[in-house]
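Residue numbers (numbering that gives the first Met the number 0), protein chains in the order written: chain A, 0 to 376; chain B, 0 to 376.
A hint or two may mislead.
Claimed, not checked - Derived, one-sided and incomplete: chain A residues facing chain B with beta-carbon distance under 7 Å:
id : residue
1  : Ile72
2  : Asn83
3  : Pro150
4  : Gln299
5  : Leu316
6  : Tyr321
7  : Leu332
Stated by the list, open to error - With a straight-line Cα cutoff of 16 Å, these simulated EDC-like cross-link-like pairs (lysine to aspartate or glutamate) come out:
id : chain 1 : residue 1 : chain 2 : residue 2
8  : A       : Lys297    : B       : Asp71
9  : A       : Lys329    : B       : Asp119
10 : A       : Lys81     : B       : Asp300
11 : A       : Lys129    : A       : Glu178
12 : A       : Lys160    : A       : Asp200
The set of hints was computed from the structure by calculation and includes no laboratory data.
In this text, all values refer to a predicted model and were calculated from it rather than measured experimentally.
Cβ atoms here follow ideal geometry from the backbone N, Cα and C, with glycine treated the same way.
2 protein chains.
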Amino acid sequence: MTFTLQHTDGSGTNARAGLIQTDHGLIQTPIFMPVGTVGSVKGVHLTELKDDINAQIILGNTYHLYLRPGIDIIRKAGGLHKFNGFDRPMLTDSGGFQVFSLTGIRKLKEEGCEFRSHIDGSKHFFSPEKVIDIERAIGADIMMAFDECPPGTADYSYARKSLNLTHNWLERCMARFRETSPLYGYNQSLFPIVQGCVYKDLRQESARFVSQYDADGYAIGGLAVGEPVEQMYEMIEVVNEILPQDRPRYLMGVGTPVNILESIARGIDMFDCVMPTRNGRNAMLFTANGVINMRNQKWQDCFEPVDPDGTSAVDTLYSKAYLHHLFKAKELLAMQIASIHNLSFYLWLVGEARKHIISGDYNDWHRQMIPQLSRRV
Amino acid sequence: MTFTLQHTDGSGTNARAGLIQTDHGLIQTPIFMPVGTVGSVKGVHLTELKDDINAQIILGNTYHLYLRPGIDIIRKAGGLHKFNGFDRPMLTDSGGFQVFSLTGIRKLKEEGCEFRSHIDGSKHFFSPEKVIDIERAIGADIMMAFDECPPGTADYSYARKSLNLTHNWLERCMARFRETSPLYGYNQSLFPIVQGCVYKDLRQESARFVSQYDADGYAIGGLAVGEPVEQMYEMIEVVNEILPQDRPRYLMGVGTPVNILESIARGIDMFDCVMPTRNGRNAMLFTANGVINMRNQKWQDCFEPVDPDGTSAVDTLYSKAYLHHLFKAKELLAMQIASIHNLSFYLWLVGEARKHIISGDYNDWHRQMIPQLSRRV
Numbered sequence: 000m001t002f003t004l005q006h007t008d009g010s011g012t013n014a015r016a017g018l019i020q021t022d023h024g025l026i027q028t029p030i031f032m033p034v035g036t037v038g039s040v041k042g043v044h045l046t047e048l049k050d051d052i053n054a055q056i057i058l059g060n061t062y063h064l065y066l067r068p069g070i071d072i073i074r075k076a077g078g079l080h081k082f083n084g085f086d087r088p089m090l091t092d093s094g095g096f097q098v099f100s101l102t103g104i105r106k107l108k109e110e111g112c113e114f115r116s117h118i119d120g121s122k123h124f125f126s127p128e129k130v131i132d133i134e135r136a137i138g139a140d141i142m143m144a145f146d147e148c149p150p151g152t153a154d155y156s157y158a159r160k161s162l163n164l165t166h167n168w169l170e171r172c173m174a175r176f177r178e179t180s181p182l183y184g185y186n187q188s189l190f191p192i193v194q195g196c197v198y199k200d201l202r203q204e205s206a207r208f209v210s211q212y213d214a215d216g217y218a219i220g221g222l223a224v225g226e227p228v229e230q231m232y233e234m235i236e237v238v239n240e241i242l243p244q245d246r247p248r249y250l251m252g253v254g255t256p257v258n259i260l261e262s263i264a265r266g267i268d269m270f271d272c273v274m275p276t277r278n279g280r281n282a283m284l285f286t287a288n289g290v291i292n293m294r295n296q297k298w299q300d301c302f303e304p305v306d307p308d309g310t311s312a313v314d315t316l317y318s319k320a321y322l323h324h325l326f327k328a329k330e331l332l333a334m335q336i337a338s339i340h341n342l343s344f345y346l347w348l349v350g351e352a353r354k355h356i357i358s359g360d361y362n363d364w365h366r367q368m369i370p371q372l373s374r375r376v
Numbered sequence: 000m001t002f003t004l005q006h007t008d009g010s011g012t013n014a015r016a017g018l019i020q021t022d023h024g025l026i027q028t029p030i031f032m033p034v035g036t037v038g039s040v041k042g043v044h045l046t047e048l049k050d051d052i053n054a055q056i057i058l059g060n061t062y063h064l065y066l067r068p069g070i071d072i073i074r075k076a077g078g079l080h081k082f083n084g085f086d087r088p089m090l091t092d093s094g095g096f097q098v099f100s101l102t103g104i105r106k107l108k109e110e111g112c113e114f115r116s117h118i119d120g121s122k123h124f125f126s127p128e129k130v131i132d133i134e135r136a137i138g139a140d141i142m143m144a145f146d147e148c149p150p151g152t153a154d155y156s157y158a159r160k161s162l163n164l165t166h167n168w169l170e171r172c173m174a175r176f177r178e179t180s181p182l183y184g185y186n187q188s189l190f191p192i193v194q195g196c197v198y199k200d201l202r203q204e205s206a207r208f209v210s211q212y213d214a215d216g217y218a219i220g221g222l223a224v225g226e227p228v229e230q231m232y233e234m235i236e237v238v239n240e241i242l243p244q245d246r247p248r249y250l251m252g253v254g255t256p257v258n259i260l261e262s263i264a265r266g267i268d269m270f271d272c273v274m275p276t277r278n279g280r281n282a283m284l285f286t287a288n289g290v291i292n293m294r295n296q297k298w299q300d301c302f303e304p305v306d307p308d309g310t311s312a313v314d315t316l317y318s319k320a321y322l323h324h325l326f327k328a329k330e331l332l333a334m335q336i337a338s339i340h341n342l343s344f345y346l347w348l349v350g351e352a353r354k355h356i357i358s359g360d361y362n363d364w365h366r367q368m369i370p371q372l373s374r375r376v
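Okay, chain A solo, but in the shape it has when bound:
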């Protein structure tokens, strides 16, 4: 995997435009990655994902895929690309976040973490080595290191302890990664994750620690977990001052369209988030003119297109009145339309950001966009 930094914004932000080359194709950054939790982006067909939404890379969740369909099945299929048919780049998280947020009973030790499946309560154990083996078997182009994800409210001493564990686990992940090979004939990269909660010195220490590995890219984890948004932006700035310029930077699990533009301005290249699909299923549409609650009665006789300026086929194929009706009637199609619209919008947004970075007016553009994006229509 290679990263080419093509442009840095000339208008006073740290925004960057780049190109990631993987064995499954190119990714133009900044980029948003739709989340395909169990290998499918909820409510979205493969063809829609590729041809309409223009997803360049999608994410799979190691925790979910490990439990269902299970690693044996994915290995037999020849990896996740073969299993779900998405032949463009993919990224897997490490399961850390899910183990620490979804599973009730867990025992955290230096060795690893014991947890119970949220599906059937069965006991499982993830260690850094095991997670790397699983991610090899899933076969995503980009794998993430196994980390502890402390809660957003963690105090300094917990955050300190947790960071040590995450760093020890990173060392073990890297070792396992080096001593194993890809299973399916194409290359895989492993991204370390910067942690440290909202503590500047811990974030700096973590950024320095991970940078020593000369990885193909780096991620920032543990943000957007309840802290004030200004603190999140500050942590991104602190970390990005240290992370190498010539590697992509992935802000995990973030966020709203505004969060994304603010984070691009601070030098982030990659994003993933369930918001476009999860909020879409709940009738919330993100648009360039603000956020729409499709359940609002006022749309019942608004026969204009879902999003007259939208780039997806569903934006002009269906009317707001019809989509409103589908949500009221709890029709599957409502969730499908909203998911496609929102993902298309997110991909459009990062694509526009890229254009404005290249044309050198990102600062003006994103300052203009932010109040529009935050409107409640």
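Guided by the hints, dock chain B onto chain A, whose structure is given.
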């Protein structure tokens, strides 16, 4: 609306191939009509319905559309075609079946029927005149008369009384239909419905009664409601001996692929049923080689296409193992894939039936198909 009887089977059945011309386009019969209960075929995009499934006509439910979004909204939209964007022919049932099967509290009188909404319990009243007005406002190309749908277990005296009511209501539907005009600049037809439960003399009387109206087409209702399947076929034979040859015959709410081939052999031209979508959402796939339960563990590592012989894009885009996984993980995409597959298969099946009627070997072909269709794979 015109109906051209193009071919009658020369191989010993009463199967027919025809052409229905409506202001929204042609329908090649025999035809299957996907059910779009509240104006959307569940889990299926408009583009998929037209381009992949090749639906020539879809059905909307008057009862559901009347309650949600409501007739005012549909009228404001300019009719259901404009509201949901489907620009091919549509048919609306009369709401009779839903009023008598879905709503708990109802008062049946000569004048009409009082019922409570299954959504909010609100009281409503349907009379033949009101239903015609509603169907005019929905604006389907083919409207159905308002009938009483007696339960499948109705005894003779109930069936007799019910049939009289249905015939009186038909007279009033026809009168209202004649004294009203289409609202949206294209023509609408009204089909009477033959009732009479499983009583041969009542079915004959009903077929004779409805035939006197010189309608554009006729429907057979009240079958596949629990009676033995041979009784259903017998009733179809009895009725089709009387209904005019030169008008399309629509068997309401039927059925399995086998039911459809058997009914085509007995001279039926049009079908609708929720089975392909409802059973699809429940992991049952209909194929030319039998019925597949996609939840069956044996598919977990079967990486062949969903249906190697299928005509829809989803049939070869996804594997059985992946679809099995999506059902186990309760992913929306599972229901979408199965719905598209099943509808495509139903449309393929009636299309093949048509070809074999035209080529004159329907009898052999359908006898060959029936055991295959009934297999449990």
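Going through the hints against the structure:
{"no.": "1", "hint": "Ile72", "in the structure": "holds, 6 Å"}
{"no.": "2", "hint": "Asn83", "in the structure": "holds, 6 Å"}
{"no.": "3", "hint": "Pro150", "in the structure": "violated, 27 Å"}
{"no.": "4", "hint": "Gln299", "in the structure": "holds, 6 Å"}
{"no.": "5", "hint": "Leu316", "in the structure": "holds, 6 Å"}
{"no.": "6", "hint": "Tyr321", "in the structure": "holds, 6 Å"}
{"no.": "7", "hint": "Leu332", "in the structure": "holds, 5 Å"}
{"no.": "8", "hint": "Lys297(A) - Asp71(B)", "in the structure": "holds, 14 Å"}
{"no.": "9", "hint": "Lys329(A) - Asp119(B)", "in the structure": "holds, 14 Å"}
{"no.": "10", "hint": "Lys81(A) - Asp300(B)", "in the structure": "holds, 12 Å"}
{"no.": "11", "hint": "Lys129(A) - Glu178(A)", "in the structure": "holds, 13 Å"}
{"no.": "12", "hint": "Lys160(A) - Asp200(A)", "in the structure": "holds, 14 Å"}
Hint 3 from the earlier list is the only one contradicted by this structure; the remaining hints agree with it.
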